[in-house]
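A.B. asks: Line order of the protein sequences matches chains A and B. When the first sequence is numbered by our numbering, its final residue is 391 and no position is left out of the sequence of numbers. When the second sequence is numbered by our numbering, its final residue is 391 and no position is left out of the sequence of numbers.
Quick caveat, the hints were computed from the structure, so don't treat them as lab data. Some clues are possibly wrong.
One copy or two, it doesn't matter: identical chains are merged, so the pair holds either way.
The list that follows gives simulated cross-link-like pairs (lysine-lysine, DSBU-like), each with its CA atoms no further than 35 Å apart [as the list claims (entries may be wrong)]:
| id | residue 1 | residue 2 |
| --- | --- | --- |
| 1 | 123 | 332 |
| 2 | 342 | 10 |
| 3 | 57 | 18 |
| 4 | 332 | 379 |
| 5 | 123 | 230 |
| 6 | 145 | 10 |
There are 2 protein chains.
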Amino acid sequence: MNVRPPLGLKSPLRIPHKLLMGPGPSNSSPRILNALSQPILGHMHSELFDIMDEIKKGIQYVFQTNNQLTLAISASGHAGMEAVLCNLLEPHDVVLILINGIWGERAANLAERYGAIVRKLVKTALGSNFSIIEIENAVKIHQPKLLFVVQGESSTGIYQPIIGIGEITRRYNCLLVVDTVASLGAVPFLMDKWKVDAAYSGSQKIIGAPPGLAPISFNERALKTIANRKTPIPVYFWDITLLGQQWNCFERSAPRLYHHTTSATLLYGLREGLAVIADEGLEQVIKRHQHCAAQLYEGIEALGMQLYVDEEHKRLPSVTTIKVPDGVDWRKVTEYAMKRYKLEISGGLGPTAGKVFRVGIMGYNATQENIVFVLDVLKEALKHSVTSSKL
Amino acid sequence: MNVRPPLGLKSPLRIPHKLLMGPGPSNSSPRILNALSQPILGHMHSELFDIMDEIKKGIQYVFQTNNQLTLAISASGHAGMEAVLCNLLEPHDVVLILINGIWGERAANLAERYGAIVRKLVKTALGSNFSIIEIENAVKIHQPKLLFVVQGESSTGIYQPIIGIGEITRRYNCLLVVDTVASLGAVPFLMDKWKVDAAYSGSQKIIGAPPGLAPISFNERALKTIANRKTPIPVYFWDITLLGQQWNCFERSAPRLYHHTTSATLLYGLREGLAVIADEGLEQVIKRHQHCAAQLYEGIEALGMQLYVDEEHKRLPSVTTIKVPDGVDWRKVTEYAMKRYKLEISGGLGPTAGKVFRVGIMGYNATQENIVFVLDVLKEALKHSVTSSKL
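Build the full structure now, drawing on both the sequences and the hints.
C.D. replies: Listed below in structure tokens is the structure:
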């Protein structure tokens with residue numbers, strides 16, 4: 001054999017402890033980390049099916065839905081976006097995408113790959129969200145088969161209310177898809193009440209499990225669309241009609257299908273993440289995130305810094321965007337926090353790159369103590385990162 | 001909120017310890033399980049990039065390749081199959097698939113979804129593999145763009161030698177893709193020497209990490225095919241041109257692309273799985289699996305049972321298929337082993353369903369003691385599972 005074993009693998013694995021106050025992943029709690037080291041179970045073992053059933057019910061709870069077709073896809077939150085579009089869109093379908101940050105743009109990219117005709121409603125005034133009237137006008141003009149909305153734009157820190165949109169999409173015979181990756185658990189998401197037809201999230205944000213699973217749910221209306229497809233679902237791995245059989249979502253008496261090898265480890269983590277939310281109660285979890293966010297807003301203003309999203313009701317509590325002050329090198333600030341305190345504060349992404357800091361308040365990390373720590377470090381880091389005399 | 005927290009999540013997580021001697025996943029060693037409970041790192045943290053670099057080199061080692069475009073996809077082994085076909089095939093391309101079990105059939109299903117024209121070379125005499133002459137004739141007739149071969153068919157326990165096929169595919173201007181999910185580490189796989197253009201595997205078999213990652217590698221020839229595509233790569237999540245940027249496979253100086261949120265937890269596990277193989281040495285790992293397999297063959301024959309694959313050189317050491325004796329209810333046998341001893345022995349899959357037992361010999365579980373245990377339990381379980389007086 002010509003290729004020798006690499007030297008790097010001889011060295012022991014050393015993982016530093018960090019406090020992850022960026023837009024995700026967040027830190028998993030000791031309870032969740034402990035679950036990850038439990039022995040592996042086979043993907044067709046009854047004990048793992050029981051855990052999958054508990055996860056399904058836990059996702060129904062956090063999504064506030066009774067949809068039977070509710071499960072976790074074995075890939076990152078991004079896969080939720082891809083799976084929803086892949087199952088619901090066919091070539092030449094018109095899809096309308098609300099864009100106020102990078103994730104709407106990404107959805108447009110994905111939808112185009114599946115051959116859909118993409119129409120965009122773009123928020124040019126960054127730092128704001130869409131009104132119901134703007135949305136209704138766009139749906140009326142474009143008559144899309146599917147409307148795609150991001151509830152929490154982690155790149156800009158914008159919160160997009162969903163209430164009222166479902167009534168519009170029903171009126172225009174359109175499907176409503178909502179991305180809740182960065183928002184779920186920090187703001188209410190009432191999937192059934194708000195008439196959302198398909199939604200997905202990520203395991204690694206407020207749920208606090210490791211990345212690698214994407215909670216997802218489809219209602220009967222979405223299922224009917226899939227049943228009426230003229231072309232096959234193009235990707236086997238995202239095929240929700242098969243995944244639904246593996247997760248026992250259709251007929252209780254039907255045998256479980258072996259679609260792919262699920263990751264017992266990740267399922268343990270997600271199960272525990274959802275259990276922690278069920279224990280605390282979803283309302284309380286949301287309140288805790290909102291209180292921490294309010295505390296952060298106050299502290300940021302006390303430091304003389306400005307929030308990127310002006311109006312408080314348009315801010316996503318789980319990801320706060322803060323303007324980089326004039327004369328400050330943002331990279332120095334985040335590097336200082338990481339090097340000196342092993343604290344992650346992020347820079348911007350996509351349209352906000354170089355313009356903002358992003359502070360995540362998610363799950364286990366959403367505590368008053370952590371907010372105080374972030375503010376103290378930020379204050380100190382800013383002093384070390386002035387590039388001119390303006391500050 | 002109308003949907004109440006589910007009762008099941010109130011109960012503590014309890015995972016039974018089992019010995020997984022089926023076709024995978026296998027048990028992760030304590031070293032690997034311990035790595036899984038390490039704190040989460042962000043997907044753009046330098047420490048995680050270092051681990052990804054080590055994984056890349058570890059995969060190059062187990063694949064015996066110097067391919068720069070070598071990485072792990074963030075989804076199950078199945079995703080490796082999907083990713084290879086998605087990147088290399090375009091609509092109306094002809095693909096030739098060698099089928100001697102369920103995985104070839106699955107590849108055909110996937111290729112059809114991507115719009116390829118599928119030609120199949122089927123082994124009707126189950127329990128055998130393809131000769132070089134059969135393969136060359138089929139390539140000559142069908143003139144495919146891509147030839148798909150499974151090195152180790154876990155459904156039938158058949159080993160397909162790869163040596164010599166690469167010379168044929170080069171002669172006919174065809175790409176050679178090899179599935180090594182169930183075989184890698186139990187038999188040699190010399191990717192570069194054998195002129196394999198793309199290959200993939202799973203993390204949860206001989207590598208002994210949890211499921212959820214798929215090692216994958218493309219050579220320059222495969223890359224050229226991708227560069228010359230007339231249509232875009234249809235699936236963002238499998239897009240190897242973007243994944244390669246995230247894994248720093250192209251230009252050393254280029255910044256890492258944020259393609260998706262990788263799972264730190266799973267990367268720790270895979271890193272440790274590859275480190276364990278590097279420590280023991282790949283040749284020794286392969287020998288250990290082959291010794292255990294020989295021990296199992298002998299024991300099975302001593303029990304008066306028959307192996308499904310007649311000729312020893314056609315048997316996959318990591319998955320042994322054993323004929324269910326007349327008068328024995330196979331399900332009772334596997335249930336007895338699981339209930340009484342928490343030992344997983346599997347039934348057949350696809351073409352072998354109901355006909356065989358499948359015993360996996362993989363990674364941490366590949367020890368002489370475990371083989372003795374399997375044989376002892378099998379002997380006892382058979383006695384309890386006779387349905388007629390024939391045995």
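A.B. asks: The structure should be examined with respect to each hint, and the outcome stated for every one.
C.D. replies: Hints and how they fare:
1. 123 to 332: Classified as within; 30 Å inside a copy, 63 Å across copies.
2. 342 to 10: Answer is both; intra-copy 26 Å and inter-copy 34 Å each pass.
3. 57 to 18: both (32 Å within a copy, 26 Å between copies)
4. 332 to 379: within (13 Å within a copy, 67 Å between copies)
5. 123 to 230: Cα proximity of residue 123 and residue 230: in one copy and across copies (34 Å, 33 Å).
6. 145 to 10: Result: close neither inside a copy nor across copies, 54 Å intra and 40 Å inter.
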